[in-house]
Structures are given as C-alpha cells and as structure tokens.
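*Asks:* Protein sequences, first through last, are from chains A and B. Residues 1 to 230 (this note's numbering) make up the first sequence, in order. Residues 1001 to 1479 (this note's numbering) make up the second sequence, in order.
Keep in mind that a hint or two might mislead.
Unchecked claim - With a cut-off of at most 30 Å between alpha-carbon atoms, the simulated DSS-like pairs for lysine-lysine come out as follows:
(1) 101/A <-> 1272/B
(2) 201/A <-> 1388/B
(3) 1423/B <-> 1388/B
(4) 1354/B <-> 201/A
(5) 1388/B <-> 1272/B
(6) 1423/B <-> 101/A
No lab work stands behind these hints: they were computed from the structure. As the structure is a prediction and not an experimental result, all values here were calculated from the model.
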Amino acid sequence: MKLLVVEDDRETALYLVKGLGESGYTVDQAGDGREGLFLATSGSYDAIVLDRMLPSMDGLAMLGALRAAGISTPALILSALGSVDDRVKGLRAGGDDYLVKPFAFSELLARLEALLRRGAVTAATTKLRVGDLELDLLTRTVKRRDKPIEVLPREFRLLEYLMRNAGHVVTRTMLLEHVWDYHFDPQTNVIDVHVSRLRQKIDKSFDSPLLHTVRGAGYCLRVSGPSASR
Amino acid sequence: MIAEKLLLPARGSWTAPRRFFGNAQRLLRTHAFRLAALYFLVFVVSVLGVLLFVYWTSADFVERQTEATLDAEITGLAEQYAQRGLSGLIQIVAARSAGDRGDGMLYLVTDPGGRPLAGNIAAWPAGVPTHAGRLSFTTAARVKERVETHPAQGASFIIPGGYRMLVGRDVSDATAFRNRVKTTLLWAGLVALGVGLMGGTAMSRNLLRRVEQVNRTSERVMAGNLSDRVPLDGTSDEFDQLAANLNRMLDQIERLMTAMREVTDDVAHDLKTPLSRLRVRLELALLGPADGSGQTEAIRSAIDEADRLLATFNALLSIAELESGMRRDESEVLDLAEVARSAAELYEPVAEEKGFVLSLATEPGVRIRGSRHLLSQALANLLDNALKYAGGGEIQIRVLRGDGRAALEVTDRGHGIPEADRKTVFDRFVRLERSRSTPGNGLGLSLVRAVARRHRGTVELADNRPGLRVRLEFPELGT
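Could you put together the complete structure from these sequences and hints?
*Replies:* Set out below in structure tokens:
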C-alpha cells in the first residue's frame, strides 16, 4: 500500500512518515501543494493524507485540481479547522474523510484503513458476512449461525458500519460520525455502552467472540484467531 | 518673553493668508463644495427666470393698457367726427380737455396753419412730425405749481381740409412704474443671490461638518479608542443612518475584541496549571530510571493531560467563536423533537447503566432555525452534566412550546444548583465546590449558553423540586 503525505510542517510530516512506515505503508512526502499535486498526478497512490493549509497551493485547491484531472485516489484531509462548516467544505472539495488536528495516531490509522477498504465492499452488496455473522441490508435482519438476532435500528447501523470495516480498527469518533452523525466527542462513554449492548446480542450465546475492544484505539469486528491481525 | 510677543503678529500675518488659501483649496476639492456650487447655480438661474418673468408681465401689462386706452379714445373721436363733422370733433375735444380728469389724456386740434383750435396742449409739440402716424413726444405738465416735462405717447391725424389732430397720453406714471419694478426686481435679485450664496455655504458647511465628524471618530478609533462613536443628529437622515451603521459596526468590533481578550485572559489563567502539571510529569519521567515501566506510564499520563488540555482549548475556541459570531451560518430548519430523540437514543444505554431513567417528552412540530450540530452538542453537554452530578433517578428531555417560543428542557432529580450560583455557573472555568472532584473543565455550560445565544435564545436554570431544570428557549419558527 502506497501513501502520499502532503504536509508542510516538518515535524508533523516526519511523525506521519515514520508512523505510517512502521504500520507497513510505503510513504512519499511532499512539502507543499504544488509538489503534492505533481506527485499525486504522476505516481499511483492508494490514498493521500493532506494538510488543509499548505504553502504555494492550499490543500483544498490541490484536491480540486486533482479531482478535476480525473484522479479519484481517496484523500484524508488534516486540518486545524474543526467546525462542521469547515468539514463540509473539505468534503465538498473532494476529500473522502476529514480529521481535525491534533489527532491520535491510532485515529488516523483507523480512518486510513476505512478509506482504503471503501472500494472493497461495493454498493450493490446486499449481504455482509463476517465469519458466521450475516447482515441483510434489504430485509434489515441479522443472523448468526442462521439464528435470527433482534437488533434496534441504530444497532443495525452500528453493526453495518463495523461489518463494512471488518478486520479493521474503528474508533469511537468514527462511530459517532458515521452512525450518529455527531461531530464532537461527548464526555460520557456513550459509545462503549452501545457497543457492549450490541456485543451482548451478537456474541453472548456464541463461543467465539467477533466484536473486540482494541485498547486505546476503539473496536474491531473480526473472526477470532491468530490470523486476524491488522 | 518680549521677543516672543513681538514675533507673534508677524507670524500671524504670514500664516493667516496661507491658512485661508489652504482652507479655500481644501474647500474647492470637497464634494460638498461642488454640490453647494451646483445648488447656487441652479438657484441663480431660477431666481433670474422668475424676476424676468415678473418684469415682462408687469411692464408689458402697463404698456398694453396705455395702448388700449389710446385706441379706445381714438375710436371714440373718429365716431364723433363721422357723425358730427369737424365742429363736433372740436366740441368734444374741448369738452374732454376741460379740467384735469387725471387720466393723463392729451388732445390737440389745429387748423391748417397750426393754430390750436381746441385741446389741453398749448401748441403742436416741437419736433413732432405733422403727418399721420404713431409717435412719442414730450409734453409740459403742470404738477403742483411746477412745470415738468413728461414723456407721452400718441398718434396724429390729418383731418380733411388741412386740420390736424394729436391724441396722446402722458406715460410718466407708466415709466415710473416700470422703473420701480426694475429697481424692486434688482434688489430682490441681489437679496436672493445673497441668500443663495449663504444657503449654499451653510449647506456645504453642514455636509462638511458631518463628514468631518465621521472622519474624526474613525481617526480616534484607529488611534485605539475603540469605544468612541460617531455623534447622531437625531434627524435619521442619510448621515444619521450612516453614523448609526458605523456605530453598530464599531459595537460589533468592540464586542469581538472584548470576547477575544476574555478568552486570552481565561486561557492564561486556567491553562497554566495543567501545563505546569504536564511539565512536572515529563520532568519526573526524565529523572526516573531510564528503563522502567514508570517512564512509559509517565508518558502515557502526559499524553492524557495533553489531550485534556487540547479538549479544553478546543472548547474555549468554540465558545469564543460562537460568542463573537464569527462562525459561518450552518443553520437549517430543525424539528427540536428530532434533535432530542437522537440525543436520547445515544445516551439511553449509558444512562441506564449508570442507574438513571432517561425519558423523552416531546410536543410534535416544534421547529426552529438552527444548527443541529450545535444544539446536539449543547444537549449532550447537559446530559453529560446530569449523568455526572445527579447521582440517579429520572433524567427527562422535554420539547415544548409557549408564547411563540420553542423550549428544550433537561431535568434531573439531583441536588440542583443553589440559586446564588445559577448565574455564575455559565461563566468560563466556573466549577462548583461539589463538582471539583469529578473530571471536567468548567466549560460545558458556557458552551450551552453560547449555543443558546447563537440561536437568539436564552438558557435558564431552575429548581426542579428536587433537582435541576435547564431550560433553553428559542424563537419558534412559524408553520
């Protein structure tokens, strides 16, 4: 997996390149918008991480130019501007996800993985499967080992999001954004309780748990066993 | 001292003309002056027009009257002559000439030799041609024992047989009238011009003065006196409107500046403590054994501290942004019940786990214009607070309406907030004694208030008997 990091702050860039490199990615780095655009149009990257405020060419302008050139490499925007309005602008300019600085590295990794996986599950899919757990998007039902499981509408969406990102870490912030459309973190551990309720339903009466807590990061839905690592 | 005094008049006499010309030059450049000049020009032209009209109508009228009287007289005499011949004419002329009738009519009939036969003129006036036609002449008139030469107008006729007749009219009154009209109009014109000039100057002065007021205020504001305002005349004319708008702009700027300064003060005051705590932790980690897990633990807790700091900082920025009104509008039409339902749905499991009962009571169709994101955040803060401080029991989210206001309430069954503290808890970093032991930054309610104000609403705390009732009110959107 090859990533392009466009970030002008040397220290942040170094931190990103090092961290992503250690996580198994091949990383190229550009220090400004022009260089970033040049690399993004010439090289073939699986995803781009770009800072919103860049010298010589603003991150959003660079993204606009890139999308205008017909290059649809998924892009994650990093920005110090965190209002909903700023976020909407970033996504309108062609960004696929938006992360407000400062961020935890685990959050960035989880989001990148979600971006990279986005293409894998096509929109036409009507059934999601993880191990023996099955979620039918049309009938909106959940089954495990062919035994129907009753879930509330919100739990269904929570499970759907976890299943679409199966095998990958999903952070609490990601769940709040995608399942509840809340772009802030409440002080109470609201998500944890929702997840543990869902866990009760899908894992309790089965011997192999699917929904795992990843300490300090978030949750991961995967088939247990030694093979199931990132 | 003396030298100074001696110098003064000389300096004055030099600077005075320079100042005058400087002022004059400045005046010429101003828009106000050009406006005044234009005004004056239009004024002069219209006054001149009116005066000329008055002159022509009045003088002409007198002239036409003279003509008409003469014509009537001549027609009358011609009829007499046609009916009664020369002797009849002489008789009627003699009759009309007798005594002063005060109408200034002049008559004279002479024989072919030029000797007068009848009339009130002594002799055919000198220099007046003897053939028939219209003519102007002068006549000697006796006015109060004095003989004056008066201008007259008339016509002469040749009567068959060589007799001649002169019919005229003394026009000295008409001429005098015309002259008086001329003088009057001239004076009126001069006065009008003077008034116009003064009016133009006054208008220009007034305009200049008011523009100057705006200029002076802007200069003072630029110099740092942000609370200065442009004085209003109270006339609510364009200048007053301009001044009022400028003042409103200055109000807003001042509010922004004050909000910014408050944030800076708060930050300086309340972020220093956690920052120094962070520093101490890192320093202790550095001092400890290099291998130990204690170091990892110290770094982890330092990161946690940094995260809390960042959260506080972000909250502060959001509040300041909301209060200053800098955030661009992201408002939409919202059903408050939807906002409440979504938050209740998110918090219900955690509330239950913590031993609360979270319930929802909503009136349908209570709509406001606002930001779902901001209102959800405010509601989440209130629910966080209730879960943190109420200890247990029922937490209710209510959506209701009353008096054209939409209300969103969160009530709990905890200890409530003493009446004395109900105002101050909204201030930044204010944490009541009871809550010191629980985690938090003292910004939750500040954000709630900022969100309420952002939506042109209010937030109030009340006693829920027992417990706390937080009521947010917004202008309701009509259906």
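*Asks:* For every hint, state whether the structure bears it out.
*Replies:* Status of the hints after comparison with the structure:
no.	hint	verdict
1	101/A <-> 1272/B	holds (21 Å)
2	201/A <-> 1388/B	holds (28 Å)
3	1423/B <-> 1388/B	holds (20 Å)
4	1354/B <-> 201/A	holds (20 Å)
5	1388/B <-> 1272/B	holds (25 Å)
6	1423/B <-> 101/A	violated (34 Å)
The structure is inconsistent with hint 6 alone, although it conforms to all the rest.
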